[in-house]
Each structure stands twice: as C-alpha cells, then as structure tokens.
Amino acid sequence: MNAWLPWAFLAPLPGLLATACGRGHRPGLASLPGPLLVFAAGMLWLCGAQQPLTVRIEGWLPWLGDGAFALYLDGLAALMLAVIGAVAPCVYVYSLGYMHGDPGRRRFFVLLDVFIVSMVMLVLAGNLVVLLVGWTAVGISSYLLIAFWRERAGTIAAGMQALAANAIGDAALLLAIALLPAGAGDLATLHTAPFSNAAGGVPGGAATIAALLLVAAAAKSAQGPLYFWLPSAMAGPTPVSALIHAATMVAAGVYLLCRTSALFALAPAVMAFAAWLGVLTALAAAVGSLQQTNYKRGLAYSTLSQLGIMFAAAGVGAPFAAFFHLFTHASFKALLFLVAGIVIHSAGGEERLERLGGLRRALPGAAVLAFIGSMALIGLPVVTAGAFSKDLVLEAALAQQPLIGWLLLGGVLLTGLYTGRLWFAVFLRGDASRHVHAPGPTMLVPVAVLAIGAIGLGWLGPALARVLAVGAAPEFHAWSGLGALAGGLGLLGFVAAGWWVRARGSGAVLPPFGLPWVAGAADAFTRSSRAIAGVQDGRLVGYVFLCVVGTAAAVTASVLLP
Amino acid sequence: MNVIAPPFELPHGLTAACVLGVGAAVVLAAASRLRMTTCNFVAAAVPVLAAIPIALQPSAETVPVLLVLGACLICGCLRGDDLALPHHRAEAVALQLLGSAGACVLATATDWLSLLLGFEAMSLAVAVLAGNGRHGRALEGSFRFFVVSAVSAATLVFGIAMHFAATGSFALSAPPVAGEGMQAMATAGAVLAAVGLGFELAIVPSHLATLAIVRSAPTSCVGFATLVSKVGAAFAMAKLAAAHPALQPILVWLGVATIVWAALGGLGQRTARGLIAYSAVGHAGFLALAAAGGGAAAVPFYAIVYLCSAALVLAGWNGENDAELAAGRELPLAEIARRPLHGLRRTAWVVGVVSLAGIPPAPGFLAKITVLRDTWATAGTTATAIAALASVAAALFYLRPVPELLAGPRAAASTVPFAARVAIAVAAAAGVVCALAPAFSIGAAR
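Protein chains in written order, with the working numbering: chain A, 10 to 571; chain B, 6 to 451.
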C-alpha cells in the first residue's frame with residue numbers, strides 16, 4: 010500500500026476529469042475528494058513506517074544528466090502533503106459558496122485541480138527535472154487562476170506579472186539542471202554531487218547551484234526584487250489568494266530551501282544572502298502593507314513579510330524553524346484570506362479599506378475568526394500557533410546572526426501594526442449600519458476549521474521535529490522570555506494600530522513609495538519589443554539592408570574566428 | 006543465386022518530388038473543372054500517396070521526406086477558401102505540391118545544385134501563393150518576399166560559386182583543393198550559402214520576409230511558409246553544418262540572434278498572425294541551433310515536435326473571418342478568443358501554444374532541452390544561456406491568450422471542418438508520442 014503513496018499527485022485527476030466533463034448543478038463537488046486523498050496520503054506516511062519511499066523510472070529523458078522520472082516521499086514531503094491536503098479542502102468547500110452563480114465555476118474548479126496536481130508533483134519530486142515540471146505547472150495554473158475573471162480590467166496583466174516573475178525562477182532551475190553533472194539531479198542527495206570534479210564539474214561549484222536554486226525559490230516566494238507579482242496576484246478570486254498565494258505555492262520556495270538545505274550548507278555566502286534577502290523583504294513588505302488601501306493587497310504584503318521570515322530562518326541555518334513557520338502560517342494566513350473573501354463577498358465585491366469598516370456587528374463570526382488569525386499572525390504566546398514557530402525562528406536567528414535576529418524582532422512590532430490596521434479598519438471603524446449579505450455555512454465552516462489550526466498547530470512542533478529527524482531537536486516553549494517579548498511587541502503594534510485607525514479613520518495609510526525597477530524593467534522590455542517589431546515596417550530597402558549587413562557580418566565573423 | 010539489382014533506383018527525395026510534381030501537374034491541367042472540395046481532397050491525398058513508397062523502403066532519407074510530406078498534408082488540411090477568387094484554389098494546391106516537391110529535394114540534397122533547385126522551387130511557390138490573398142496587403146507581402154528571396158538566392162548562388170572555385174566540385178562536402186586561401190574561400194562560400202539558405206528557415210538576417218508573409222498571406226500559404234519550408238531547410242542546413250564544421254559557430258549565433266529577436270519582438274504582439282509569425286521565427290532559431298549542434302537526433306526530433314505543435318495552433322486558428330480578411334485587418338487574439346469557437350479548436354490552440362512555449366512536460370519542452378543540450382556541448386555556456394533565457398521570456402507571449410481561449414464561448418461541432426479535424430488528430434497523435442515516449446521518438450528519428 011505504502012509503495013503507491015508517491016503517486017499521490019495523481020489522486021486529484023479523477024475529480025478533475027469528472028468536473029471537466031460533468032454536467033451537474035454543483036460543479037466542484039466531484040473535485041473535493043482529490044485534496045482529501047492527498048491529505049490521506051501524507052497522513053498514511055506519517056502514521057506508518059515513516060521510511061522514505063522512492064519511485065524511479067530510468068530513461069524518461071535519456072539525454073539529460075539525470076533524466077529519470079523520480080518521486081520521493083519522506084517526512085518533509087509528507088508534512089507538506091498534509092498542509093496542502095488540509096488547507097485545500099477548506100478552500101474547495103468555501104469556493105462552493107464563494108463561486109456560487111459564477112458562470113465559469115466549472116473551469117475554476119478544473120484549474121484548482123490542475124494546481125493541486127502540479128503542487129503535489131512539485132512536493133513529491135525526486136529530482137530536479139520532475140521538480141521543474143511541477144514548478145512550472147504551478148506557475149501556469151496560478152497565472153490562469155489570477156486571470157480567471159479575464160473581463161475585469163488588469164487581471165490578465167496581473168497574471169502576466171506572476172508569469173514573468175515565475176519565468177525567471179523557471180529559467181534558473183532550467184540552468185541548474187543543465188549545469189549539474191550526469192546523475193546528480195537527485196534532490197535528496199544533491200549536496201553529494203561531484204561539483205568540483207574537473208571532468209563534469211560545475212563552474213563555481215556548489216555555490217552556483219545553490220545560487221540558482223535561491224533565485225528559483227525567491228521568484229516563487231516573491232522575495233526581494235521579485236516581490237511585485239504577489240500583490241498584483243490579488244486580482245484573482247479570493248479562494249485562489251488563500252490557497253495558492255498564501256498557503257501553498259508561495260511556500261514552495263521555502264520548501265525548496267528546506268529540501269536542499271544540505272546543499273546550501275556547502276555555500277555559506279549564498280545562505281547569508283538568503284538570510285539578508287529574507288529579513289529585508291520581511292521589513293520592507295511590512296511597511297508596504299501599511300501603505301495599502303486595498304484589503305487583499307494589505308494581506309498579500311503580510312504574506313511577503315512572513316515568507317521573508319521563513320527565508321531568513323533558512324538562511325541562518327534553521328530550516329526546521331523555516332518549515333515549522335510555513336506549517337503554522339498556512340493555516341492562519343489561509344484563514345485571514347478566507348475571512349477577507351467573506352467580507353468582500355458580503356460587501357458586494359468592495360475591497361477598498363475606506364469603503365469597508367464597521368462590519369463587526371454585521372459579520373460577528375468573521376470578526377472573531379479574523380481576530381484569531383490576526384493574533385496567530387502576531388504570535389500571541391501560548392494560545393496561537395504562530396507564537397511557537399516565530400519563537401523558534403527568532404531563537405535561531407539570535408543565536409546564529411544576532412543582527413538579523415534583532416531586526417526580525419523589530420519586524421514583529423510592524424506585524425502587529427499592519428495586522429491591527431487591517432482588523433480595526435474592516436471591523437471596528439466606519440459605518441456600522443450598512444446592509445451586507447450574510448455568508449452561508451459553506452463559507453464559515455471551513456474558516457472555523459482553519460481557526461482551530463491557527464490555535465493548536467503549534468503544539469505539534471515536537472512531533473514535527475521527530476518526523477523530520479532534526480539532529481539536535483529544538484526546544485519548544487509555550488511561554489518564554491523571548492516569546493513574551495515578541496508577543497508583547499506584536500500586541501503593542503496591534504493596539505497602536507487601533508489608536509491610529511481611530512485617529513485617522515479606515516483609510517489610515519503610510520504615504521506610498523515603491524521600487525521603480527519593476528515599472529522601469531517593464532518599460533525597457535516594451536520599448537525593445539516595439540523597436541524590434543518596428544523594423545518590420547514594410548520598407549523593402551530596410552529588409553534588403555538588413556540582409557546585406559547580416560551576411561557581411563556572418564562572413565567577416567567566419568574569417569576572423571579561429 | 007544471383008540477385009539482379011534494378012538498373013536505376015530513385016532516391017526518396019526525388020521519388021516524393023516526382024509524385025508531388027505529377028499531382029501538381031494533374032491539378033493544374035484539370036484546374037477549371039475541379040471543385041473546391043476536390044482540390045482540398047487532392048491537397049491532402051497526394052502527400053499521403055507520395056509517402057507510401059518512402060515508408061515501405063526505409064533509408065536515411067525516409068525521416069526528412071516523411072516529415073516534409075507530413076507538413077504538406079497538414080497544409081492541405083488547412084482552410085483553402087480565403088483566396089482572392091475561388092478558382093485560385095486549384096492553382097494554390099498545385100503550388101503547394103510543387104513547393105513541397107522542392108522541400109523534399111532540399112531536405113535530401115547532397116549537392117549544391119539540388120539545394121538551389123529546391124530553394125527556388127519553394128520560394129517561388131510561396132511568393133505566388135502569398136499573392137493570392139483577398140486584399141492588397143497580400144500582394145505587398147508577396148512582393149517583399151519575392152525581393153528578399155531574390156537577394157537570398159543571389160547570396161546562395163554566390164556562395165556556391167565560391168565553394169565551387171575552392172573545391173572544384175558541386176558536392177556539399179567536397180574538400181578544398183590544395184592552394185593558398187582555398188580553405189578560407191570554401192568556408193566563406195559555405196557561410197554565404199548558409200545565410201542564403203537561412204531565408205527558407207527564416208533566421209536572421211533574412212527573417213523579415215517570413216514575418217511579412219505570415220501577416221498578410223492566405224491561411225494555406227501561412228501553413229506552407231511556417232511548416233514545409235522550415236522542415237525542408239532545417240535538414241539541408243544540418244547537412245551543410247555537418248559538411249563544414251567551421252560554419253557551426255556562425256550558425257549558432259545566427260540562431261541565438263533569431264531566438265532573441267523573436268522573443269523580444271513577440272512580446273509586443275497582440276494578434277494571432279503576429280503570434281504565429283514571431284513563433285515561426287523563434288523556432289527557426291532553435292532549428293538553426295539544432296542543425297549547428299550536429300546531434301543526429303536534434304533536427305528530426307525538433308522538427309517533428311515543432312510541426313505537430315505549430316499544426317495544432319494553425320488548425321485551432323485556421324484563418325480569420327472573411328469580412329476582416331477583405332478589410333485587410335489583423336484580428337487581435339483576444340477578440341478571436343471571445344468569439345464562439347469550437348472546443349476542439351480551442352483545445353488544439355491551447356495545447357499548441359503550451360508546447361511551442363516549451364512548457365514542461367509538453368513535447369516542445371523536451372525538444373528545446375534536446376537542442377540546448379547539444380548547443381551546450383558544441384557552443385558553450387553563453388550561447389546556451391542566452392537561448393534558454395530568451396526562450397523562457399518568449400513563453401510570456403505564447404501564454405497571454407490562454408485565459409481567453411479557455412473561457413470563451415463554445416461554437417457548435419459543425420464549425421470544425423473534417424480536414425481540420427484530420428490535421429488536429431495527426432498533430433495530436435504525433436505530439437502525444439513525443440511527450441510520453443521521447444526516447445522512442447528520438448530513437449526513431451535517429
């Protein structure tokens with residue numbers, strides 16, 4: 010039975026086909042068993058023998074160094090399957106209500122299924138080639154889901170931004186595959202590849218491969234200069250934001266860093282770079298969240314910030330802390346996005362913070378659930394999952410690179426500020442007398458399930474450490490001095506945000522400032538594209554001139570080249 | 006027992022060319038009496054007829070000739086009613102068959118004269134085919150194509166002359182005679198000839214003519230210029246590169262320049278013809294890399310994958326609405342996708358662009374990896390990295406129309422002609438084999 014578990018990525022396929030071909034009145038129901046089976050696969054491994062399982066079909070792509078079709082299921086993959094398999098059904102059930110009446114609902118669920126298949130394949134990849142297949146496929150399904158409401162202005166452009174950023178990561182991964190010596194693409198043993206072997210070595214050794222993997226991870230997790238696509242991706246339906254752009258796909262970069270942590274250990278400079286990239290993204294994105302006037306974009310910057318914390322943890326040599334934070338973050342960030350969906354759905358599609366507000370009375374359940382998610386995001390000690398994982402990250406960072414640790418601690422205050430600003434702006438301030446559509450149980454129940462995770466998942470830390478066979482198992486504290494300090498800072502920020510919103514109203518924002526490079530790069534590409542396409546202007550003399558010049562250049566080069 | 010060998014055995018390329026030529030002659034002779042449906046049937050049936058003797062006697066020429074015939078078959082299945090006058094269809098079919106005969110000769114050429122013959126047959130056929138469109142832009146495009154083809158043919162002839170002067174032979178792989186500067190002259194001649202031949206492949210610097218044709222010509226001509234010409238020229242280029250190793254770095258950089266040009270130029274395209282045009286140029290760059298790489302399997306594998314992917318896109322698109330054609334207007338992709346389109350055509354289009362974009366695990370990805378691996382081995386890191394990055398950037402313009410194509414309204418089944426279904430079925434079957442069993446496909450190609 011266990012031997013079949015690595016094939017879990019095929020589990021959503023029957024549901025996908027049934028939804029695609031079905032004619033029922035509730036499209037999407039048939040898709041529901043798929044992610045549940047993925048969850049079951051992860052749990053079966055975790056509750057079973059816990060021995061790594063491998064599938065290897067040699068000669069799939071015989072011309073590549075490691076062209077086998079390889080799958081690998083170990084503790085890390087099983088836990089990731091559990092995360093995907095737990096969050097996805099909640100999002101599916103929620104979507105049944107959220108997408109009710111949408112004419113493209115069937116297509117929506119088909120695309121979600123495609124995403125789940127791709128994501129699970131990414132997680133179960135045994136080598137870089139299979140990883141690339143999943144890696145690219147999740148990027149494309151993300152693009153198609155962001156552009157789902159294609160008739161709305163800006164959705165396709167937002168999808169293209171995501172596609173462009175992901176393409177940079179795909180190219181890096183492709184280059185890593187091409188550079189690796191024959192037979193060395195296995196993800197579990199990547200660090201043992203003969204990097205310095207003169208015959209088939211890699212220029213720059215392990216550091217080159219690690220740097221390429223870091224670029225791929227940063228693109229997928231929207232870190233550093235590649236941050237721009239994630240806030241734009243909020244143009245897609247909210248369940249997509251919850252599942253793909255908060256809990257799973259964006260976490261793939263962190264997963265890759267954890268999966269290849271042994272390789273990164275061989276490249277300390279790349280690790281240090283990853284740590285600084287993470288901490289700077291965490292702080293900049295936290296400030297960015299305070300500049301947003303759109304509810305979902307505010308949450309998106311919060312995701313960027315939390316992913317930065319995970320990158321920093323991986324960079325300081327604490328991959329377990331990074332993964333543990335990924336594990337807990339998936340529950341409370343999905344929760345916060347789904348609550349945002351309830352709010353937006355109830356307010357007739359309104360996403361601007363200054364138009365929302367005062368919804369505590371109209372949506373009391375959503376307000377409570379959002380408060381639980383906010384506290385978990387801040388890391389309120391003892392009662393939230395986020396506290397356990399964030400403490401672990403802070404401890405590791407302070408022990409390994411104190412400056413990064415202190416910066417992350419300062420970031421907790423900002424976390425409290427942006428979390429509090431969103432919560433107070435939506436639920437407390439503003440017109441409390443407005444009429445809103447109450448959410449149905451299909452939308453509330455999944456969020457409540459996630460809230461249980463946001464509270465209780467932290468207690469699973471020791472079990473996770475055991476499954477992942479962490480060498481020196483970290484100490485888990487429900488209450489510690491550092492945790493109290495971090496929680497206190499977060500709460501201080503939360504309360505300060507309440508005061509700020511009270512003083513300035515629901516539209517309290519920091520003045521905007523952005524990185525100009527994104528627009529600049531896009532402009533440069535557009536100009537080059539126009540210039541190149543402009544050569545085909547119909548003037549025959551230009552065509553002939555190009556032929557003559559090109560021919561002369563080719564002949565000259567042939568004479569000059571040795 | 007003595008076996009009496011036949012006194013004269015025709016090479017596969019010539020066999021196919023003869024069958025296609027006879028087909029073209031018959032169509033021309035009966036042109037005034039042939040109905041549109043008969044013309045369409047002949048356009049698809051003659052390549053099949055020509056393929057039978059080739060498939061029965063496998064040889065080194067079988068794969069190139071069968072691929073050219075496959076491309077010809079797919080062109081025959083594309084829309085044929087968008088010509089200036091209905092009776093032009095018979096002429097168009099004859100030209101298509103004649104051009105394909107040229108492609109067969111070109112793909113299997115072992116001497117410069119056959120190569121020149123094939124080149125001229127193909128370029129003249131395309132120039133006339135392109136002029137048969139319903140609006141003024143078709144004639145303009147045809148004229149531009151004709152002039153650039155003349156310049157390229159002159160370059161080719163000049164290269165042949167230089168090579169002949171250095172070697173004293175018309176054989177492609179003839180060594181230079183002893184004497185000072187003869188090696189350099191032979192190499193320069195080969196480079197000139199390759200640049201001239203690059204016109205048929207649509208690589209830099211003579212790619213602009215193909216762009217002009219694709220943006221203005223009738224559907225069948227677009228298919229011919231993007232499928233048949235490329236397959237024929239790619240095999241000829243591979244032979245040329247194998248015979249003259251000094252040509253390989255030049256060809257690699259011409260290929261890379263073509264890929265970069267197509268990727269950057271394609272990013273700004275918003276129309277179906279723009280996408281097809283820049284896609285054709287970009288893939289010509291990869292075919293040039295495959296030819297330069299010298300790998301035995303790269304050219305046939307890339308050619309077959311490109312053929313089936315592009316055929317799916319062409320069959321999905323299958324020309325514009327007559328009213329727009331008459332007005333000489335290129336339809337934006339988004340507008341086409343928002344019109345009722347049958348699910349089969351939408352699916353073919355989406356699968357085709359995903360494969361052309363090189364998205365794993367589509368066959369296009371496998372083909373690109375094959376070519377890049379060979380390029381890495383022969384030309385090193387820089388050229389490979391630039392080609393890979395440009396290829397990834399090009400994926401953006403391929404994937405832009407996909408959300409619209411997936412979501413647009415569905416038309417009734419009757420809107421997909423039988424011939425288009427045949428083209429889709431043939432291309433899809435080949436694509437599936439390439440994707441699921443790449444090792445088998447490469448082995449067969451080798």
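Incorrect hints may appear among the rest.
To be verified - Just so you have them, the derived chain B footprint on chain A, three or more residues with Cβ under 8 Å: (1) 168-179; (2) 405-412; (3) 527-541.
What the hints assert, rightly or not - Cut-off 25 Å, straight-line C-alpha distance, at most; resulting in silico cross-link-like pairs (SDA-like, lysine to any residue): (4) B:Lys244 x A:Gly559; (5) B:Lys244 x B:Ala56; (6) B:Lys244 x A:Thr565; (7) B:Lys244 x B:Ala339; (8) B:Lys244 x B:Ala189; (9) B:Lys244 x A:Leu569; (10) B:Lys244 x B:His347; (11) B:Lys244 x A:Val564.
As the list claims (entries may be wrong) - Partial pick of chain A residues on the chain B-facing surface, computed with a CB cut under 8 Å: (12) Met52; (13) Leu55; (14) Gln59; (15) Ile66; (16) Gly68; (17) Arg116; (18) Ile149; (19) Phe380; (20) Val564; (21) Val568.
Think of the hints as simulated: they come from the structure by calculation, not from any bench. Using N, Cα and C, we set each Cβ at its ideal position, and we do this for glycine too.
We went through each hint and held it up to the structure:
{"no.": "1", "hint": "168-179", "verdict": "holds (count 7)"}
{"no.": "2", "hint": "405-412", "verdict": "violated (count 0)"}
{"no.": "3", "hint": "527-541", "verdict": "holds (count 6)"}
{"no.": "4", "hint": "B:Lys244 x A:Gly559", "verdict": "holds, 22 Å"}
{"no.": "5", "hint": "B:Lys244 x B:Ala56", "verdict": "holds, 22 Å"}
{"no.": "6", "hint": "B:Lys244 x A:Thr565", "verdict": "holds, 22 Å"}
{"no.": "7", "hint": "B:Lys244 x B:Ala339", "verdict": "violated, 41 Å"}
{"no.": "8", "hint": "B:Lys244 x B:Ala189", "verdict": "holds, 19 Å"}
{"no.": "9", "hint": "B:Lys244 x A:Leu569", "verdict": "holds, 23 Å"}
{"no.": "10", "hint": "B:Lys244 x B:His347", "verdict": "violated, 42 Å"}
{"no.": "11", "hint": "B:Lys244 x A:Val564", "verdict": "holds, 19 Å"}
{"no.": "12", "hint": "Met52", "verdict": "violated, 29 Å"}
{"no.": "13", "hint": "Leu55", "verdict": "violated, 29 Å"}
{"no.": "14", "hint": "Gln59", "verdict": "violated, 30 Å"}
{"no.": "15", "hint": "Ile66", "verdict": "violated, 11 Å"}
{"no.": "16", "hint": "Gly68", "verdict": "holds, 6 Å"}
{"no.": "17", "hint": "Arg116", "verdict": "holds, 6 Å"}
{"no.": "18", "hint": "Ile149", "verdict": "holds, 6 Å"}
{"no.": "19", "hint": "Phe380", "verdict": "violated, 36 Å"}
{"no.": "20", "hint": "Val564", "verdict": "holds, 5 Å"}
{"no.": "21", "hint": "Val568", "verdict": "holds, 7 Å"}
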